[in-house]
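Number of protein chains: 2
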Amino acid sequence: MTRGTTRGTVTERVNGDVPLWSAGEAAGRIDADATVGVSGFGSVGYPKAVPLALADAERDLSLTVVSGGSVGEEIDTALVEADAIERRYPFQARPEIRELINEGRVAFHDRHISSLGDEVAYGRLADLDVALIEAVAVGEGWLVPSTSVGHTPTYVEQADELLVEVNDAQPLGLQVLHDLYRREAPPDREPIPLTRPDERIGPGRTRFDPSKLVGVVRTDRPDTPYSFRAPGETERAISDNLAAFLAEELDRNPILAERVHLQFGVGSIGNAMVEVIDTVDFGDRAVHYLGEVLQDGLLDLLAAGQVESASATSLALSADGQDRLFENLDAYAPDIVLRPASVSNSAEVVDRFGVVGVNSALSVDVYGNVNSTHLGGTHVVNGIGGSADFSRNCPLAIVALPSRTDGGTPRVVPMVTHVDHTEHDVDVIVTEQGLADLRGLSPRERAERMVAACAHPDDRDDLRAYLDRAGRTGGNLPHDLDFAFDWR
Amino acid sequence: MTRGTTRGTVTERVNGDVPLWSAGEAAGRIDADATVGVSGFGSVGYPKAVPLALADAERDLSLTVVSGGSVGEEIDTALVEADAIERRYPFQARPEIRELINEGRVAFHDRHISSLGDEVAYGRLADLDVALIEAVAVGEGWLVPSTSVGHTPTYVEQADELLVEVNDAQPLGLQVLHDLYRREAPPDREPIPLTRPDERIGPGRTRFDPSKLVGVVRTDRPDTPYSFRAPGETERAISDNLAAFLAEELDRNPILAERVHLQFGVGSIGNAMVEVIDTVDFGDRAVHYLGEVLQDGLLDLLAAGQVESASATSLALSADGQDRLFENLDAYAPDIVLRPASVSNSAEVVDRFGVVGVNSALSVDVYGNVNSTHLGGTHVVNGIGGSADFSRNCPLAIVALPSRTDGGTPRVVPMVTHVDHTEHDVDVIVTEQGLADLRGLSPRERAERMVAACAHPDDRDDLRAYLDRAGRTGGNLPHDLDFAFDWR
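Residue numbers (our numbering), protein chains in the order written: chain A, 1 to 488; chain B, 1 to 488.
Restraint-style ranges between C-beta atoms, simulated for each label pair:
1. ARG218(B) <-> PHE483(A): 53 to 63 Å
2. VAL14(B) <-> ARG196(A): 39 to 49 Å
3. LEU481(A) <-> ALA244(B): 30 to 40 Å
4. ARG236(B) <-> THR409(A): 46 to 56 Å
Since the hints were derived computationally from the structure, they do not count as laboratory data.
Just so it is clear, CB atoms sit at the ideal spot from N, CA and C, and this is done for glycine as well.
With the rest of the complex left out, here is chain A (with noise of 0.2 Å):
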């Protein structure tokens, strides 16, 4: 490990000879229909004072915006609010864009992680004009992200010009996490040489061409991040179901047997899915998390070494969680690592490492296919993220979800409205209902499996009235379109 041998040296918010600009003289530089390369994964890390300026400008604005991942208030409500986005990348968290998407009024594609600095870079997913980053501390050619990493990187490389917001409210204590290894462009893409969960390959800084660099921008503003849900009995439920079933995977599955490598999905479902690391008796073994997000629930099990490393794209902490990390910052540090997306989330380390990853959904189907991205099939919540990414070349890929929505709509279908993840991508669905191990079943055994273990007891008839219904149509995958949808 060469772990904090080059991190760690940066005392000074801002270094050399930089341009400092006020935020107002920031976005004037941004045009009206510019393509912006933002900072910010899982609602933390993104810059705020210049957003919140073009906001204020009363400019006439139809912005592209590209994002890491999921960004604030300042950005997906505020810009949104001043009818300045046009056009959004991958991935939202916010009722206000969330609604003008829906209505067809922002052209937005949610698109899987892993790819999408590649797709920036050479996919003609967007030309960056500008790249408006968040960071601890900025010099001439570097600069070190904040609270998240994301794409930064390639957006700085992409972007013809540079705007840097540093933050005094983010600690500079933060520049020891970050391990900031860049990938070459195919064909020429060497193997990402991580041997170690928790190894650092890269950098601490992001360098750049200083002559990029049109302003820097000074602010104080703190994220404003997700806030969790606390677990209640239906998530406990699931947990418990989850963690019975690890407790006998580990006895069996031969790539646990000496290290376990754990991810769990964005929000309240995965936070709480944390628990099962407290539960489950993993013996001897390690526990690393290799995931696209550090959420709340893992800074306890890091402080009480139950979870050798932590690495991640993103600290998505609540409020409460970014106080107990900033104030402990040294304490945590040796066990946290920050990554590009491309690493993080990246079918290689995903694949080498054998992640056991659970990921939350909004339906599954007794097949096995899962929707996590629209209601109805229509209405898209967040997007897809990195769920794909994890679900895609895990070893062992677990879906979490209850059983019925709140207000009692069944999350077990006969076949859900949308795909984001096929039924080849999923292992195991679990609910607070039961456990369904569908790896090596047909889909007629998958469906009879999945409605016994996992549907909602007050589901089941009506889903095996399908399927007999289904089974008249015949084929390896019984269905019968006309009630498919329509099946209560």
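Model the placement of chain B on the given structure of chain A, informed by the hints.
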């Protein structure tokens, strides 16, 4: 390159002290309810004599058969007609087994090819009692596969017992093609050390514990390989549209600036699309084929030097193609590499070289979701095979298909009845009508482009009428679920 340095040294078919058995004796060794891992991929390189002996044995068999990919009539016809197969993974391409699967009489699940070996090794897909492997040569503790590799090295390692068919109809000279790199299991998996598409990184033989080898059977029965439909007017038009796109993409995509790595899916469409290599002016760029199967169309291009190298896990040639290759094996050998499917189809390799993947489909929807497997959402054709291994990890994933079936049924629809590749995995869709570059488009924009560019002209009004109606429901991705499958 270590090309050929340890290869081409086997001069005898059967070497050392190995037990020679008749096919009937070997068949008798297989328990009635055994789980059998067979070699075979792309309808070549599968065992023939022992399956035929099993089919003739008049025993009451309920076998689980796990192959690498598709196999020939000796397994998926003869054993099926003998009612000997109860369960089958991961792919099949013969009407006899397809019918039983769709009647629910054979339990089948199509699995991604890249991870199938891992699933057998530790994913609870199947616990192999016997590996039944076709080889061109065998010795005490080693064998050389024949016309395909698939997951043979894994099956040999995982099975309790090993039966080998040495096939004199397969040239001994095939030994120079194999590069049998074995990946370690996670979490100690190393990066695949492939730095050039034509590099050889592993041994030319598969090693095994000699005590596992219970019998060697001699045969001289040739493969019953695929036959390809000659490209018709529709395929030529698709190929022309694809060629025009590739010519433009060469100019604008930095990852194609110096070298191009291509993959084409198995089947007549894939084979026809190979023609684009002859049509497009690649300038000084080296063109490498980095795919799952090597089909007939590549032979001329390799001979002419238009393709520098071709690597795959199967020589999925027609009988005529096999003749051409076998008669000129020494000339072709330096440019062809046969790898385990866990390497040829790995996310890591596909991503590293920036493969442009071209795969066919049964149908696509206007939002970019693709059905490759299930007619009407219910009746499986062949299975997903490796198509998603490429489309999910390619930086440029192209789907090529006619806009209608031969019978006039639309293949461009509002909502596919089964999703194998999601809207997030597909970049470009091409039909004989035109090409839709979906990169950077929102779902509504995609739908408009797909109807205008790819749909059959006689379907466009109906598709637009559907989209108008769906637009009333709104959403990021408009649908009217009452009419999504009943839109005409």
